[in-house]
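Colleague: On the provided structure of chain A, position chain B as indicated by the hints.
There are 2 protein chains.
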Amino acid sequence: MSLARTLEEMRCRIDARLEEVLRSEDPREARAVDAMRYSVLSGGKRIRPVLCLAAYEAVGGSGDGALSTAAALELIHAYSLVHDDLPCMDDDDVRRGRPTTHRAYGEGMAVLVGDALLTLAFDLLAEAPPGDQVEPGRRLEVLKTVARAAGLHGMIGGQVADLEAAKDPGDASLIEYVHAHKTGALIAVAVWAGGRLATDDPTVLGTLCRYGRAVGFAFQVVDDLLDSGEDPEGASYVACHGPDAARNRAESLIGEAEDHLTPLGPRGDLLREIARYIFSRIR
Amino acid sequence: MSLARTLEEMRCRIDARLEEVLRSEDPREARAVDAMRYSVLSGGKRIRPVLCLAAYEAVGGSGDGALSTAAALELIHAYSLVHDDLPCMDDDDVRRGRPTTHRAYGEGMAVLVGDALLTLAFDLLAEAPPGDQVEPGRRLEVLKTVARAAGLHGMIGGQVADLEAAKDPGDASLIEYVHAHKTGALIAVAVWAGGRLATDDPTVLGTLCRYGRAVGFAFQVVDDLLDSGEDPEGASYVACHGPDAARNRAESLIGEAEDHLTPLGPRGDLLREIARYIFSRIR
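Protein chains in written order, with the working numbering: chain A, -12 to 270; chain B, -12 to 270.
With the rest of the complex left out, here is chain A:
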């Protein structure tokens, strides 16, 4: 199977799992479930869950052992967007060409939808597939590490700093901090978590960590470049360093990410492909 086909097939498995968990039989929950599905199943690149599954398979994982973890990472990403779009945060009306969740369902519902998606993510992180090969202790470790990456010392810390950065958009060290936390932490932990569910080997996990950090930072710089035509908000690498420096930085980060994969040999091909795909968005 070609790498592009493999990626597409992974996205299908992730979307099927998300479809499956975003359901309710209870009519009283219908509107909230509708709003949750609206917020999650509206396209999106599924970068975090794809990285998780690709890392899992690159280091020897098989079957659905990482699928719920991968889906959980997408739910965490989706919740952060719903809350980030709120009027008291970035105040965005449109995302992916459609009204944002609070514009479509009201602000109160958007707050609750974000909370419900985050809570469901941890429900999924605690889930073992039938015939699970992963020991419960390792799942707990992965869950705890994801919680750290998503919490105040990770993604939320980046969002807090982003609120501050809106006041002083030219502070370069603050921008690096925001990027590393707001976007980088969850992308890096996606790679690590996939690996950890398949292996104990600290050398292999170190390799995945370095790759994850480089890819996470590259992803944010690329996103900044794609957004730079629009009204820039908060901390932006492009606003601070200019588009040429940003493009160079993204390219060198992708190169670094690929280099980090060398010890994995051909097993790292899919992760390499994903790194190039991220850069291809600005080519």
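Hints are computed from structural coordinates only; laboratory data are not their basis. Given the structure is predicted, the values throughout are model-derived calculations rather than measurements. Some hints could be false.
Since the list gives no way to pick out one identical chain from another, each pair is judged satisfied if it fits inside one copy or across any two copies.
[What the hints assert, rightly or not] Straight-line alpha carbon distances no greater than 20 Å define the calculated SDA-like cross-link-like pairs of lysine to any residue that follow:
{"hint": "1", "residue 1": "131", "residue 2": "187"}
{"hint": "2", "residue 1": "154", "residue 2": "94"}
{"hint": "3", "residue 1": "154", "residue 2": "260"}
{"hint": "4", "residue 1": "32", "residue 2": "213"}
{"hint": "5", "residue 1": "131", "residue 2": "119"}
{"hint": "6", "residue 1": "32", "residue 2": "190"}
{"hint": "7", "residue 1": "32", "residue 2": "264"}
{"hint": "8", "residue 1": "154", "residue 2": "17"}
Modeller: Same frame as chain A, but now just chain B:
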């Protein structure tokens, strides 16, 4: 030790654990940590964590095996209050005699503080104390069950229904649904979780479940009675049935809760005491 002393000592252990986890060395996180501490360490009855520890000890648990789980339950409660007070939800300016979190720190920060508290709760639920006696698989089961009770099928579902009930405050079946979910689910799971961390015995866990459900409902009716002097919002048992019927209902629920504890004999004394304490608030 008297039961009152035991309860007070439990509250101290819980507050010490909360103090310990609500900290950061990073100056960039200082304001957010400050807002988190403001939201959690401002008094409060600690009913959920106390019930968790009391249930744990009632069925043979010892040491700190349930302490992080107990603290996590208080963080989940605190996050739900911070988000519930937001202008787009209940729009409350004052809680426990002080400005609500969004009044003190701004709306954007209040959204993020709630998110951070919820995420930290799952970090704590995944935590094993040094020399832990509880198998990791059981911690995963407890974490997953708490996630269910806090999520769309539990607490958040109750909040969603409460948003709807604000439009039709006289619907009695909707009020039962809101109570059972918004408050009851987390209180009931606090009791069950404490028990589950100490025992496998399904009969004992069934006993704790029934007690937890009765106490959870009683707690909400009592809260409604205490609030009924103020401006009633959303679904209220008192607004629907009147204060006399509410008082009778609370009393009979507390009686039921005590009856459910009969199989535990004197081991159930502390849980019995907590049920009476809940009712004593309206005597």
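Colleague: Between copies, within a copy, both or neither: which fits residue 131 and residue 119 at Cα up to 20 Å?
Modeller: Answer is both: 19 Å inside a copy and 16 Å across each meet the 20 Å cutoff.
Colleague: When no copy is named, should residue 131 and residue 187 be tagged within, between, both, or neither for a Cα gap of at most 20 Å?
Modeller: within (16 Å within a copy, 24 Å between copies)
Colleague: Is the C-alpha distance from residue 32 to residue 264 at most 20 Å within one copy, between copies, in both cases, or in neither?
Modeller: within (11 Å within a copy, 53 Å between copies)
Colleague: Check residue 32 against residue 190 for me: Cα-Cα at most 20 Å, and say if that holds within a copy, between copies, both or neither.
Modeller: neither (29 Å within a copy, 48 Å between copies)
Colleague: If the cut is 20 Å between Cα atoms, do residue 154 and residue 17 qualify within a copy, between copies, both or neither?
Modeller: This pair counts as between: shortest inter-copy Cα distance 17 Å, intra-copy 40 Å.
Colleague: Between copies, within a copy, both or neither: which fits residue 32 and residue 213 at Cα up to 20 Å?
Modeller: For residue 32 and residue 213, the Cα distance is within 20 Å only inside one copy (14 Å; across copies 50 Å).
Colleague: Give the relationship of residue 154 and residue 94 under a CA distance limit of 20 Å: within one copy only, between copies only, both, or neither.
Modeller: Classified as between: cross-chain Cα gap 16 Å, same-chain 24 Å, threshold 20 Å.
Colleague: Using 20 Å as the alpha carbon limit, work out where residue 154 and residue 260 are close: within a copy, between copies, both or neither.
Modeller: Result: close neither inside a copy nor across copies, 38 Å intra and 52 Å inter.
Checked against the numbered hints above, the structure breaks hints 3 and 6 and satisfies the rest.
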